[in-house]
Amino acid sequence: MSSISELYDVSWEEMRDKLRKWREENYRNSEQIVDVGEELINEHASKLGDDIWIIYEQVMIAALDCSRDDLAWSCLQELKRQFPDSHRVKRLAGMRLEALERYEDANKLYDSILQDDPTNTAARKRKISILRAQGKSSEAIRELNEYLEQFVGDQEAWHELSELYINEHDYAKAAFCLEELMMTNPHNHLYCEQYAEVKYTQGGLENLELARKYFAQALKLNNRNMRALFGLYMGLFATSHQPYTPQNPEAQGFAARNRDEVDCVQLKFQHIHGEGLSC
Amino acid sequence: MSLKLTTQAYCKMLLHAAKYPHCAVNGLLVAEKHKKKDSPRDSVLCVDCVPLFHGALALAPMLEVALTLKSRLIRPGNIFPVFNCPILIDAWCKENKYVIAGYYQANERIKEARPNQVAEKVAARISENFSEAAMIMLDNSRFTMDCFVPVLFIYDHHDNKWKCREPSTDCFEDWIEAQKITAALLESKSYESLVDFDNHLDDLRNDWTNPEINKSVLHLC
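So the sequence lines, in the order shown, correspond to chains A and B.
Note that the first sequence covers residues 1 to 279 in full-length UniProt numbering.
Note that the second sequence covers residues 1 to 221 in full-length UniProt numbering.
For reference, chain B alone in the conformation it holds in the complex (with noise of 0.2 Å):
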């Protein structure tokens, strides 16, 4: 079951890390809900990326929030545009018709790209609802504004154990337009308008969904 990357979720994941170069960062993947629910799919396309938190990464409440909280909270039918309100991921991905489907993470030193506890936790917590889930780890020490070679390492569930894909490029979608685009971006700043759960938490106007970076994306292709 392999995993693919659209050039916008890797776009945003790469624009995460490059906002917070001194922290460890992290983040949700999101599918599309397969609509045959009897045939398997040969490949799980991960469309967007949610970026979570930066800093303290091993602590739970706000985690839990960001997989958890439903959106009962929230008076329905009311979630967008009005953005004074906390938008839930929940609501965000039943609205979109999205599943859930990895968690990518950065971590705080260059050198450090072994998945550490929290990952494991968290992808695993994924993989319960989603058998196919994948967990990434961004490479620091390969990370360039050129973004010549991809920088991830992907982890498989197998038997209980993550175990590191070969890395390769045929985990995206189109890798020539991922590494032109997101290397454009970096180049331009977009980091700097990138948010997160995290920004969205200190003021609700923050949009986590990153229109604005999802357009220039598309603007690029």
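Next comes chain A alone, as it looks inside the complex (with noise of 0.2 Å):
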């Protein structure tokens, strides 16, 4: 077995700076981080100084998710050893648990981190994780909403709200979720492109003008974005046919401009076939 260093003939410093990155960007390529993670530690822990904890924790956590769970109690051992009263590794060992779907024993964890900390959002949201893991949607959904009420900027959890909803087929409280997130980072061509998904995907001649706009906006944030390009498409031909009605007079008119749309979108895909662009 060669080690990742030999396989890809790189440095011991380069392997570190690739698990930051993956730390910084939240990446969750759990095998990858484990078998770099796990080569670091083994062979260059003494060149790491102060970063081999952050390590220890991000190779814990993707030792989970690959059920190394060998790999996972010798990082908590460190931890432990090394921050012996930290909350942060209370929540590991909670994690480690609920890796091992002892479910109680993570729950009652994190209550007593709760109890001497009310406010340390981490154990929440463990716990809200849990509920989604156990499949009581409806139950990770009401807990989710009432720590929104307190910690009203979380972005993680607006997210994660919003693809709750999003199973549930409740496309209007996930627009409600994305729309936070539109506000607050308002030069997100994802979060516009996925609004205006939902939006199509709930449906109705407003909701589609909605889409369109949004997907409009996306591609207007990030020209690149090929999703954006094709639920604008989509979302052109959908409103391109409407009948005239007397509750909606403008909708012909809308439906001839955006027949004309409808014919620029398709010059902009041969305009990328031309270029050679990617998202």
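These aren't lab readings, by the way, just hints derived from the structure by calculation.
Some hints could be false.
Unchecked claim - List time: in silico DSS-like cross-link candidates among lysine-lysine, alpha-carbon distance up to 27 Å: (1) B/K189 - A/K21; (2) A/K136 - B/K111; (3) A/K108 - A/K136; (4) B/K19 - A/K18; (5) B/K111 - A/K125; (6) B/K4 - B/K19; (7) B/K163 - A/K136; (8) A/K18 - B/K189; (9) A/K136 - B/K19; (10) B/K111 - A/K127; (11) A/K125 - B/K19; (12) A/K136 - B/K121.
Quick one: dock chain against chain with the hints and give me the complex.
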């Protein structure tokens, strides 16, 4: 079994930097993290300095994802030794119990953290994750709503809630969550595009028009977003065949304009074909 | 009307599920178009699968792009091999004389193998165009690296309901081969290079027809 450094011809510094990149951008490539991290810990622990503790944490979580309980346990032991009374380490111990499906014990651990420190957001979010893992979606949604009443600025939580609502087909509420995210991140084309997808899925002329607008906005923010381009096309198509109704006399006008825009989008596709752009 | 799977179709389904163990995944199964339209087939052979999405499966726009968008967007005759333009499933099916014959889904949670609303809707849509369409749910709880047992629940459409078939190895063209090759590809982590339609939308250079994996399957046969 050759090591990562031999296979890919990388130095330990490059491996450490890769781990940092994955950590900062929240990647869930757990198998890679375990491979790289395990080697770093086993071969180069002394060179890492204080970085080693955060690497232990990252590798432990990745090890849980890969069912490597041996590795997770040894990382946890090191962290417990270094930070004996830490809530952060306690939360990791809870995550290990979750991975072993010992949800009762995990909940007890998180409750003890919350008794000590009621503002500990990590423990509360883990409790909600347990509900999700057990398939208790409505309870997870309820708890997450309560959490967000207190911690309104937690974007990760808003996104999680939007996912839960989408899985329950409650698109109106999912849209609300994405609106919160768009308000605080107006330049994020991904939130715009996801909001448009939710609106499109909701259906109905108004929502389709709104979807079309937000797909267009996402494209404006990032003109390589293929989903936004496809979405814009689908939205235009869906709204370009509306008959006149007395309730919505402008519908035909919009429809005609949208039919012209369909041609523009087709030209854009050909333009992409020529330029070889990717997202 | 029984559905059969080739090794390639089964393999790619499992690789797709293995690539995203923390997400729900779904995709389509394709069969060759029946040449004699009047005589009925005795079985439908699904020769390949198209991995579609991972993560949020309940959103409509990209699913509609996958299922319904026709190739009029692309200049005719210029679909392949230029990989910097979107490859539409409809165009690929026409090129290879395939028809969409089934839908597969693996749920997010290990113990959850029942078809949900999304699965039923998509499968119903497919059966509008292909009356013998089947819906396949992956059984995550029996999914192992060795692939000793088939991990599928196959559902057929009877009287507007989806009924689960008795699990057996009859639905494989060659179960022993499928088991061996799938286990080998899982062991060699081929799932890391599997491309689904989502990956294609992220970067048009990613080819969801997965020619490299198809080659590996052929090579191991």
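Verification of the supplied hints:
1. B/K189 - A/K21: It holds: about 23 Å lies between the C-alpha atoms, which stays within 27 Å.
2. A/K136 - B/K111: holds (13 Å)
3. A/K108 - A/K136: holds (18 Å)
4. B/K19 - A/K18: Given that 27 Å is the threshold and the Cα spacing comes to 20 Å, the pair holds.
5. B/K111 - A/K125: holds (22 Å)
6. B/K4 - B/K19: Holds. B/K4 to B/K19 sits at ~24 Å (cutoff 27 Å).
7. B/K163 - A/K136: holds (26 Å)
8. A/K18 - B/K189: holds (20 Å)
9. A/K136 - B/K19: With Cα atoms ~25 Å apart, A/K136 and B/K19 stay inside 27 Å; holds.
10. B/K111 - A/K127: holds (19 Å)
11. A/K125 - B/K19: holds (26 Å)
12. A/K136 - B/K121: holds (23 Å)
Violated hints: none; the structure is consistent with every hint.
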